[in-house]
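Undergrad: Given next are the chains, with one letter for each unit.
Protein chains: 2
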Amino acid sequence: MLFARARSSSSVDPETFRLHICSLHDARTSVHDDASAVQSITRSQSRATSGSRTDLSTDEEPDSKVKHQQSSRSAKVKKSVRETLGNAASAGQGTVSRSRSAGPETIAAKQGTIRMKNINRFSNFVKSGMEAFVLSSTKMTTKPEERHEIILTDKGPEWRAITQPYTCIVDKPKKESKLKGLKSFIAYSVTSSLSGIQVSRRYKHFDWLHEQMSAKYLLIPIPPLPEKQVAGRYEEDLIEHRKNILQIWVNKVCRHPVLSKSDVWIHFLTCTDEKQWKSGKRKAEKDEYIGGNFLHCVTVPAQSLDSNRVEHQVEGFSRVVRSLDDSVRVMYDRVTETHKRMAGPYRSNWQKMAAAIAGLGHSFELDSSPTNQSVTAALKETAHIFHKIGDEHEESAKRDLDPLLDCLYSYKGLLAGMPDMVNVHKSAMSKLRENERLSMEGKVSSAEAERIRSRVDAVSYAVLAEMEFQHRERGEDFKQMMGAYLEKQAAFYDGIGKQLAALATLFKNA
Amino acid sequence: MLFARARSSSSVDPETFRLHICSLHDARTSVHDDASAVQSITRSQSRATSGSRTDLSTDEEPDSKVKHQQSSRSAKVKKSVRETLGNAASAGQGTVSRSRSAGPETIAAKQGTIRMKNINRFSNFVKSGMEAFVLSSTKMTTKPEERHEIILTDKGPEWRAITQPYTCIVDKPKKESKLKGLKSFIAYSVTSSLSGIQVSRRYKHFDWLHEQMSAKYLLIPIPPLPEKQVAGRYEEDLIEHRKNILQIWVNKVCRHPVLSKSDVWIHFLTCTDEKQWKSGKRKAEKDEYIGGNFLHCVTVPAQSLDSNRVEHQVEGFSRVVRSLDDSVRVMYDRVTETHKRMAGPYRSNWQKMAAAIAGLGHSFELDSSPTNQSVTAALKETAHIFHKIGDEHEESAKRDLDPLLDCLYSYKGLLAGMPDMVNVHKSAMSKLRENERLSMEGKVSSAEAERIRSRVDAVSYAVLAEMEFQHRERGEDFKQMMGAYLEKQAAFYDGIGKQLAALATLFKNA
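Protein chains in written order, with the working numbering: chain A, 1 to 510; chain B, 1 to 510.
Note that these hints are calculated values from the structure, not bench results. Please note that the accuracy of each hint is not assured.
Because identical chains cannot be distinguished in the list, a pair is counted as satisfied if it fits within a single copy or across any two copies.
[As the list claims (entries may be wrong)] Straight-line alpha carbon distances no greater than 20 Å define the calculated SDA-like cross-link-like pairs of lysine to any residue that follow:
#1 K398 / E240
#2 K398 / E227
#3 K155 / R472
#4 K174 / I239
Bound-form chain A, shown alone:
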């Protein structure tokens, strides 16, 4: 039932849709034949946005604060490792690439590259397979299906733009149940503008998708899902709220040049058959091209990069992210506070004023002389309108501030994913420095050194392209959210002004 709600127009085969999306790009993708052991450990999810200030320190230079954060973070990661490995085992899919640990016995590497291995085997750089990508030369067992390209423009490296943009609508949240009503859940319809296919998805499907994408696109911050709610998750307000954040989520995925072409996303978006859904899920979970290996799916310009310049650019990006992290948090708190005030004391002040004016009107009514009848009527109307304006404050909070808060929530979560990207890049850069030193000392061959340099360049290209995209998106995001918020608030205050002006006229003519 969950998979059967395809529209009449949804006869489009999902595979056709996927091919269509892929054909959007002139897929001059380089296919790496290398394979390496990849640990299927997901990044700490970007959804965890509520905590403390995002940390942009490198893995290599942990200060005391970082140590503290890492200890709690690594606990999470370990749990995630257990779960993921457990998953693979229970699925009976213990493939070499996913179950093997990244120990030295599996990699045929030279003395130099072995020495370059990070001591911290729990760092994101190692776990994600990025170290393996940079240092090893083993072959991949399959061919990558997704292909992406980074091009050079006058603004620097960029992801090749989406040729045919599309959108998705998350709508019609609906309480459904299975096991004869024993289990109930909310299902949302997700409809893509390109295929017209409508699928029905639950939060747990989004959550699974988020996990897959976070694992696969190490250098791309994945927007956050709505926070997992247990209590009151069938309340109308909360359902609407989650729907809005899911909508922002799919908007962001659709706009991203890489994510919008993601295999797992396309599967999520188009699969209406339960059997196909399950097999597609298994396939995505076995994907070799995740983490560091995703870079095998990316064609980068041949031109080598100036590592000092790249480091400088990434450092600048880091500063922007740190600063934004603070300001978005402050803004979020302030809008939350304003929301509370509008629905609370502001509303009640208008309504207490309404009661005071109604009291005057009542006193006026005691005088039965006809002289003051129009003033009495004007007072009563004023009391009525003031009460209404009070209610409008609460409505405005919901209508004008909730969407702003949802956007800020999403942006906050996106920012929380950026330090991972920066830190992985910093680790790659430190491997590059080490490679240069070992190369000078003659401890790695020049072919090997060149291969490592080019692999680190691929990492840098991806990071630079993503930075460029995030800069651009940020402008667009804030343009949209501030524009919409201000427009709605303008209409709100304009409405109050107009209502008060009408009341003033009432008294003038009384």
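Could you slot chain B onto chain A? The hints should help.
TA: Relative to the frame of chain A, chain B by itself:
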């Protein structure tokens, strides 16, 4: 110097102005030749508005609450008696009418009327000379100068309307000093539209005038002066505030058909010569036609009144006054609270929001890429405008709410004077009942009984006329104050709406 600031056009002789005002009315005033001993005790000033709920109980039926209030009130009155008597003595003007007590030895009255005397010699009814007016038949020593008339319209008894309305402007509060700077004070210019004469008056002059008018016009509530301030009375805000309340005060006096023709008011309004001022003051202080005797200046319709109907009407008025007293107090408190909020948390919320948006703008600025420059500029402008809107909340509180508060303050003070009028009338009505009883028992002559009935009718006519005026004024007052307040607030919210709309456009075009 205080009296020398007449405009060039102020060559109009004050006496001419007075005659002019008097000629506004077709002075068919009945002149009573009766005279009685009048105690020159002023009513507890209506300015004392801050206290507890106005008490409308009669003098005759004091409940426990009334007793409590009266004890504190009578202390005030006693003080006032001492002061006034002291004044008269020090002025060497111990005239019979003012210095003599209202003891029975001064009045040639029959057994019946003596018996009718109130036991409570401190009641307003007795002190003001109203009892003497109703019961005695002694002659007045002088002829009344002011003449007023009550006419019958289809709405009932009314004060004859002002034929040629005029206005007064209180302006230019200015710090002045005398005794070579030893004493400093604020002087206001008061300019009448009818004569164009501009006089300079201090608060203490208004206070003196208020006292005289309160004593003279027992059945007319006198609007309150601004509260006496000692600390900070030279601060600009306070001076402006007092000026505004003084302006409301003179407006109300100018609009009143009796007060606007008052001798003492005309003297206050026109006298620019210090000698004349002092002699006019002495003359006003010696005025015999104050309190109960004021009714000798009033022509009332010959038609006798239905006492039951009058009592019912006054009771209705009482109810309105009691109810208004509560509602105006609630309204005053609510507007005061709103004032505080607008200048406090509302303002600060806009400005904290401004700071949050400025923070976003700052973070955007760290990214030196030109892509987001227009969004950065829009954020900075938004922060600037939000801060400005915050300040506008404080300005709006001052501009829109202060005048409303001043009007409510004045109205509250006016209401506080109304129970006096009602209570005096109730005492007069109880004298009427007693008179009827004694008359039936043959204890007063029918001529005497008729005289008393007609005197009580005069009191009723004055009260009914004043009630009619206060009903009408109330409508006008609230029409004006609510209209002005709503119009200004409408403009305020409209302004916010317009500014936000302009910002929204800025983001749309970014």
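Undergrad: Go through the numbered hints given earlier and state which of them the structure violates, listing their numbers in rising order.
TA: Those not satisfied: there are none.
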